[in-house]
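Line order of the protein sequences matches chains A and B. Per our numbering, the first sequence starts with residue 1259, numbered consecutively. Per our numbering, the second sequence starts with residue 1259, numbered consecutively.
FYI, nobody ran anything at the bench for these hints, they're computed from the structure. The reader is advised that the hints may include incorrect statements.
Copies of the same chain look alike in the list, so a pair counts if it works inside one copy or between any two.
With a straight-line Cα cutoff of 25 Å, these simulated SDA-like cross-link-like pairs (lysine to any residue) come out [claimed, not checked]:
id : residue 1 : residue 2
1  : Lys-1358  : Glu-1344
2  : Lys-1329  : Asn-1273
3  : Lys-1358  : Phe-1332
4  : Lys-1317  : Asp-1284
There are 2 protein chains.
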Amino acid sequence: MTRSLSEREAWDVINAGKLGHLGCVDDGEPYVVPINYISIEGQIYSHSLAGRKVQAMRKHSRACLQVDRIKDDFNWQSAIAFGNFEEIRNDSERRTVLRKILEGFPKLTPVESELSRDAEPPTIVVFRLRVDRVSGVAED
Amino acid sequence: MTRSLSEREAWDVINAGKLGHLGCVDDGEPYVVPINYISIEGQIYSHSLAGRKVQAMRKHSRACLQVDRIKDDFNWQSAIAFGNFEEIRNDSERRTVLRKILEGFPKLTPVESELSRDAEPPTIVVFRLRVDRVSGVAED
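Kindly produce the complete structure, drawing on both the sequences and the hints.
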């Protein structure tokens, strides 16, 4: 049977993951996209082109990141972190976070390739989910 | 680089999948959960215990299902279907949908085990996402 994860266990799942599903609300409509992320000291960081999810979160800052850890159909954990979207605009913090994200993903995606060509392209948004609540469920 | 999927391609990803990420809105807060689903004639069907997601969608019926098809970091597709939550309460339709869901998932999960013990336990909610829009992106 499924059980609830403790806050510590939920963070373990989030900290161990790299790919999560970001949920946001766009004009009352839920929107979900897979994202790569890193977690640092209880916050979640990612970067993105300024597309629909960023535009949605600029208007409605409440968001969540859901992370799966699946061994098989009977052995899995699912954690979710809730928080508020915050764009990181401070140059030095932005640089530090981008460096840590790139370290976490040595295989560059197109967005990250663009980053490596130009350290500060204006279209790349670096953001944080300021997490205030985590939970999760598991079957294990 | 990433490209947009056609509607046909997005449905191909959704129809080929079994596990997706359902997004809904709970009191203004986005909520994302992994679900097993089946698609029949352009609609998405699933079942669930009457937990947070069902309670949320009963109040705010707009929902989405996001489905990944990932080969590797440079070869993936992500599709999303938007629609309205509808609970299936009609006995015969409910039975038909449940049977199709169970056929799709021969390895029973706890919810499905419960179904197999009791064909109509009141706590199992069978629902449809009445899809009105699909889209997607890919790198391939």
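To see whether the hints hold, each was checked on the structure:
no. : hint                : in the structure
1   : Lys-1358 x Glu-1344 : within (17 Å within a copy, 43 Å between copies)
2   : Lys-1329 x Asn-1273 : both (17 Å within a copy, 23 Å between copies)
3   : Lys-1358 x Phe-1332 : between (34 Å within a copy, 21 Å between copies)
4   : Lys-1317 x Asp-1284 : both (8 Å within a copy, 17 Å between copies)
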